[in-house]
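A.B. asks: Here is what each chain is made of, one letter per residue.
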Amino acid sequence: MLKESIIMSWQNIVGNKMRSFLTILGIVIGVSAIIALITIVQGVIDEANSQFVDLGAGKITIQAYGTPLKRGLSYSEVEELSTIENVSGVTPSLSISSSIVREENLLEDVSIEGKNEVFFRESKDIISYGRGFNILDMESKNKVAVIDDDIQKTLFTGEDPLGENILINGTNYTIVGLVNEDSSSDIMSAFGSTDSNGKVFIPYTAAMNMAGVGNITALDISVSDTNFMDQVMDDVELALNKAFNYKDDSFNVINLDSMIEALETMQNMFTTMLGGIASISLLVGGIGIMNMMLVSVSERTTEIGLRKALGAEPSNIQVQFLIEAIFLSLFGGLIGVILGLWISYAVSGVIGTTFKLSTSAISLGVGFSAGIGIIFGWAPARKASLLNPIDALRSV
Amino acid sequence: MEKEILRMTNIVKTYKMGGEDQVVLKGINLTVNEGEFISILGPSGSGKSTLMNIIGCLDTPTSGEFILDGRNVSDQSEKQLSKIRSKEIGFIFQSFHLLPRLSAKKNVELPLIYAKITKQEREEIAVNTLIRVGLDDKLNHRPNQLSGGQQQRVAIARALSNNPTILLADEPTGSLDQSTGKQVMELFTELNKEGRTIIMITHDANIATYANRIVKILDGYLSEGDEGDA
Ligand SMILES: Nc1ncnc2c1ncn2[C@@H]1O[C@H](COP(=O)(O)OP(=O)(O)OP(=O)(O)O)[C@@H](O)[C@H]1O
Ligand SMILES: [Mg+2]
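Just so you know, the protein sequences line up as chains A and B, in that order.
Just so we're aligned, residue 1 is where the first sequence starts under my numbering, counting upward by one.
Just so we're aligned, residue 1 is where the second sequence starts under my numbering, counting upward by one.
Bear in mind the hints are in silico, worked out from the structure with no lab data behind them.
Remember, predicted model here, so these are calculated numbers, not experimental data.
Where a beta carbon is used, it is the ideal one built from N, C-alpha and C, also for glycine.
Just so you know, not all the hints are guaranteed correct.
Dumping the calculated EDC-like pairs for lysine to aspartate or glutamate here, alpha-carbon to alpha-carbon at most 20 Å [unchecked claim]:
no., chain 1, residue 1, chain 2, residue 2
1, A, K3, B, E121
2, A, K247, A, D234
3, B, K16, A, D137
4, A, K383, B, E65
5, A, K3, B, E123
6, B, K26, B, D219
7, B, K3, B, E123
8, B, K105, B, E78
9, B, K79, A, D391
10, B, K119, A, E4
11, A, K356, A, E47
12, B, K87, B, E124
13, B, K3, B, E78
14, A, K247, A, E77
15, B, K105, A, E47
16, B, K116, A, E313
17, B, K79, A, D257
18, B, K79, B, D59
19, A, K124, A, D137
20, B, K48, A, D391
21, A, K70, A, E85
22, B, K116, A, E4
23, B, K83, A, E313
24, B, K83, A, E80
25, A, K3, B, E124
26, B, K83, B, D59
27, B, K193, B, D177
28, A, K17, A, D391
29, B, K87, A, E313
30, A, K383, B, E121
Taking CB as the label site, the calculated pair distances span [what the hints assert, rightly or not]:
no., chain 1, residue 1, chain 2, residue 2, range
31, B, E20, A, S298, 23 to 31 Å
32, B, E186, A, V14, 19 to 27 Å
33, A, S298, B, E186, 32 to 40 Å
34, A, K3, B, E65, 38 to 46 Å
Please model the complete structure; the sequences and the hints are all you need to start from.
C.D. replies: In structure tokens form, the structure reads like this:
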């Protein structure tokens, strides 16, 4: 019985191809908009999120511009920061641009990153080959360097770079390790320019000498227990205030965890807002379905009367029209899902985020359209089932 | 003794038209026995279709008693009436009322679907009844690929498919030319000879003579007429 109803509905939809298509257009647009918006927003936020997480949750980033009299922090002040309770390490960071030389080859515009052993300890998977800096390198001011993939490819094509030397600003550095392709050193460089020809990590003391600065203006603090994040933030701010004599705007403390939270709030807000807008088009689509069903019922008055004369119960008629409405909107929903995914796939390719199939978006789209079919198909189906067969048969 | 399958006692049907009552059937008494072929003959507007709708359980009388195959129709629910239409009545209409998108076979299967017959059985019955009405080579034709007479045969096959107690026809030859109408009437006569009870409504006295009993309807009353009277 149900199977027959489905077949009959299908035949009616296919029998009126153009009209059915126009009817489901509203649903197609609504569902594809919802799917595309949710998937794209999710892709963008995920991308930003993963960058933040790469940088390390439980990390506080400090920019210490200082005052005209005291630009940045001294070594000892940085040491002091690392003694704050629940702080597991402090990484000064300094980024300069320089050219590097290997034998006869010169490579310009390389980003030179000054780091310490804490950086490599805290960013666990950053080393893909060889090793990072250790405490010995730092204490004995070893001239060691860690290079990234780009440098490896341009200067050491097909060679093992470990133990080889490169010349940076007139000083020889021995390569001890290789970092992952997509490792970002800190929040600033993650969002900063990426048009350098590669990245070389050297001990930050050497980098400071190279840059000719005596103070540290940027550093990351790793927090061992993120439950005490607020406490650590307060302590860090207190220490910095002391160092800079409570001068306004002398430093900036950024907590990554709170940024991730803000990002999530933003995502929810976007999804709700865009979903709301797309729902309006779904509503319009639903009204379209209702209209088509009402037309269909009045067009098929005779058919309904005939079916009743042949023994159909009112519920048979109602189910048949309801199935037709659900079919129509589900069909629209399905096309909408495919179209929406295709759009978000194309858009993610253009804006460079990773495309991820969102099952929740798909089930939302399918569920929504089925629901619309039921809600907006109900009244026409009921109307059909209540038609008086005599009036219905007389209408020819 | 023949079995009585239909008995109407004092059936009245009133339509309300703009506050005024129009009494179309004023007290119909009719008894039909199994195996009869009966014509109800009357002029246009005399209430033939109204009577047929009541016999076919598509409509209920305003008053009076209607017993169909031992059941009092007036106290059946909507759902039970659907069942009666499905099992007891085979409708044949003047304008055929075939579904244009379905093949002859599918059209004949329609009542069987509502009678919840399995697909395999349905197809078997549909093919057999179409063979019975002489359309063995038109099983998969659509209505618009058939002549009027052939369409009416499909409709007759559809009416027969559920093996109903009564074959109920309203002006079955009204849309057909004379010779095709004659063929359809011959089919009716054959079916009646096989034992089928047929109630046929017509305003055409010539067509009415195919039946073995004629009743006339006029001004809301029935009167038994004899064949020679038409
Ligand atoms: N639903 C209705 N409401 C009001 N009046 C109706 C209704 N149905 C039928 N009538 C009236 O009842 C009378 C009989 O109608 P009916 O259709 O039974 O006639 P008929 O004998 O079948 O005529 P014909 O040979 O033209 O088909 C007519 O006067 C008609 O106007
Ligand atoms: Mg009539």
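A.B. asks: Determine for every hint whether it applies to the structure shown.
C.D. replies: The hints, checked one at a time:
Taken as a hint, the K3 (chain A) and E121 (chain B) pair is honoured in the structure, with Cα atoms around 16 Å apart against an allowance of 20 Å. Proximity of K247 (chain A) to D234 (chain A) is assessed by CA-CA distance (about 16 Å); at most 20 Å being required, the pair is judged to hold. A distance of roughly 106 Å separates the Cα atoms of K16 (chain B) and D137 (chain A); the hinted pair therefore is violated under the 20 Å criterion. This hinted pair does not check out: K383 (chain A) and E65 (chain B) have alpha carbons roughly 30 Å apart, beyond 20 Å.
A distance of roughly 15 Å separates the Cα atoms of K3 (chain A) and E123 (chain B); the hinted pair therefore holds under the 20 Å criterion. Between K26 (chain B) and D219 (chain B), the direct Cα distance comes to roughly 8 Å. Compliance with the 20 Å bound is thereby established for this hinted pair. Proximity of K3 (chain B) to E123 (chain B) is assessed by CA-CA distance (about 32 Å); at most 20 Å being required, the pair is judged violated. The hinted pair formed by K105 (chain B) and E78 (chain B) fails the criterion: a straight-line CA distance of about 28 Å is larger than 20 Å.
For the proposed pair K79 (chain B) and D391 (chain A), the alpha carbon gap of about 19 Å is at most 20 Å, so the pair holds. Proposed proximity of K119 (chain B) and E4 (chain A) is supported: the alpha carbons are some 10 Å apart, at most 20 Å. Restraint check for K356 (chain A) and E47 (chain A): the C-alpha separation of about 11 Å stays at or below 20 Å, so the hint holds. Between K87 (chain B) and E124 (chain B) the CA atoms are separated by roughly 18 Å; this keeps the pair inside 20 Å, and the hint holds.
Simply put, K3 (chain B) and E78 (chain B) have alpha-carbon atoms about 27 Å apart, too far for the 20 Å limit, and the pair is violated. The hinted pair formed by K247 (chain A) and E77 (chain A) meets the criterion: a straight-line CA distance of about 16 Å does not exceed 20 Å. Only pairs whose Cα atoms come within 20 Å are accepted, and K105 (chain B) paired with E47 (chain A) is rejected, the gap being roughly 60 Å. For the proposed pair K116 (chain B) and E313 (chain A), the alpha carbon gap of about 12 Å is at most 20 Å, so the pair holds.
Taken as a hint, the K79 (chain B) and D257 (chain A) pair is broken in the structure, with Cα atoms around 65 Å apart against an allowance of 20 Å. Restraint check for K79 (chain B) and D59 (chain B): the C-alpha separation of about 13 Å stays at or below 20 Å, so the hint holds. Using a Cα cut-off of 20 Å, the hinted pair K124 (chain A) and D137 (chain A) holds, with the two alpha carbons roughly 18 Å apart. A distance of roughly 15 Å separates the Cα atoms of K48 (chain B) and D391 (chain A); the hinted pair therefore holds under the 20 Å criterion.
Proximity of K70 (chain A) to E85 (chain A) is assessed by CA-CA distance (about 26 Å); at most 20 Å being required, the pair is judged violated. For the given pair, K116 (chain B) sits about 10 Å from E4 (chain A) by alpha-carbon distance, which is consistent with the 20 Å threshold. Under the criterion of a C-alpha separation no larger than 20 Å, the hint pairing K83 (chain B) with E313 (chain A) is consistent with the structure, at around 8 Å. Only pairs whose Cα atoms come within 20 Å are accepted, and K83 (chain B) paired with E80 (chain A) is rejected, the gap being roughly 92 Å.
A threshold of 20 Å between alpha carbons decides the hint, and for K3 (chain A) with E124 (chain B) the separation of about 19 Å falls inside it, so the pair holds. The hinted pair formed by K83 (chain B) and D59 (chain B) meets the criterion: a straight-line CA distance of about 14 Å does not exceed 20 Å. With a C-alpha separation of about 24 Å, the suggested pair K193 (chain B) and D177 (chain B) falls outside the 20 Å cut-off, and the hint is violated. Simply put, K17 (chain A) and D391 (chain A) have alpha-carbon atoms about 29 Å apart, too far for the 20 Å limit, and the pair is violated.
Between the alpha carbons of K87 (chain B) and E313 (chain A) the distance comes to roughly 13 Å, so the proposed pair stays at or under 20 Å and holds. Annotation: proposed proximity of K383 (chain A) to E121 (chain B) is violated, straight-line Cα distance about 32 Å (limit 20 Å). Between E20 (chain B) and S298 (chain A), the C-beta spacing of about 28 Å keeps the proposed range 23 to 31 Å intact. Between E186 (chain B) and V14 (chain A) the Cβ separation comes to about 39 Å, which falls outside the hinted range of 19 to 27 Å.
Range check, S298 (chain A) to E186 (chain B): about 39 Å between beta-carbon atoms, so the 32 to 40 Å window is met. Range check, K3 (chain A) to E65 (chain B): Cβ separation about 40 Å, and the 38 to 46 Å hint holds.
Violated hints, listed in ascending order, are 3, 4, 7, 8, 13, 15, 17, 21, 24, 27, 28, 30, 32; each of the other numbered hints is respected by the structure.
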